[in-house]
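S.K.: Sequence:
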Amino acid sequence: MSTFVKNTSPSLAKRIEKEISNEAVKEDKAVKHALKELAHLEKKDIKASKNTDHAQKALEKAERKEESTLHALQKQTKKHDDAASLARRRTLEADNAYAQEEKVHRVLERKKAEVEAAIRNKDEHERERVRRLEEAAGLNFISASTTLDQPPNAQAEKGPDPRQLH
Numbered sequence: 001m002s003t004f005v006k007n008t009s010p011s012l013a014k015r016i017e018k019e020i021s022n023e024a025v026k027e028d029k030a031v032k033h034a035l036k037e038l039a040h041l042e043k044k045d046i047k048a049s050k051n052t053d054h055a056q057k058a059l060e061k062a063e064r065k066e067e068s069t070l071h072a073l074q075k076q077t078k079k080h081d082d083a084a085s086l087a088r089r090r091t092l093e094a095d096n097a098y099a100q101e102e103k104v105h106r107v108l109e110r111k112k113a114e115v116e117a118a119i120r121n122k123d124e125h126e127r128e129r130v131r132r133l134e135e136a137a138g139l140n141f142i143s144a145s146t147t148l149d150q151p152p153n154a155q156a157e158k159g160p161d162p163r164q165l166h
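Each residue of the sequence shown is one higher than the one before, counting from 1 in my numbering.
If you are wondering where the hints come from, they were derived from the structure by calculation, not from laboratory data. No experiment lies behind these values; they were computed from the predicted model shown. From the three backbone atoms N, C-alpha and C, an ideal C-beta is built for every residue, glycine too.
Derived DEER-like restraints, expressed as beta-carbon distance ranges:
#1 R120 x A87: 47 to 53 Å
#2 K65 x E101: 50 to 56 Å
#3 A97 x T77: 28 to 34 Å
#4 T91 x I119: 38 to 44 Å
#5 K112 x R90: 28 to 34 Å
All chains, please: the whole structure from these sequences, using the hints.
M.R.: Listed below in structure tokens is the structure:
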């Protein structure tokens, strides 16, 4: 400051005035530049904030979709498990039905053999009874014809018909 007081020449005053003016212009430019930069950064901040909000909403939407997809997957997995369980149960039922059918078929075959054996035995016994009846009828015919005056067919007619005995 001492230079201002001692040197009061007009050219020096102009030069100082010019320097002060230049300083003011530089400061104005620096302030304007700082304000522009501030405005630009504020716009960037607002845009970044919007991008963050958008990203957050997209994340929430993706999480909801993932949750619903997981729920659908769990539902389909349960349906698959139920279907697989039903298939296993039906397989067991089919195996049991097949085993039961085989058992009934064996019992049927055994019963058929028993019935056929019973029919053979019945037929054999029937033939034996008929033979015995014929022998008895033949003996009656011989004894009746030798002792009685009756016709030889009279005694045979009184005896049972061997074809009707069962």
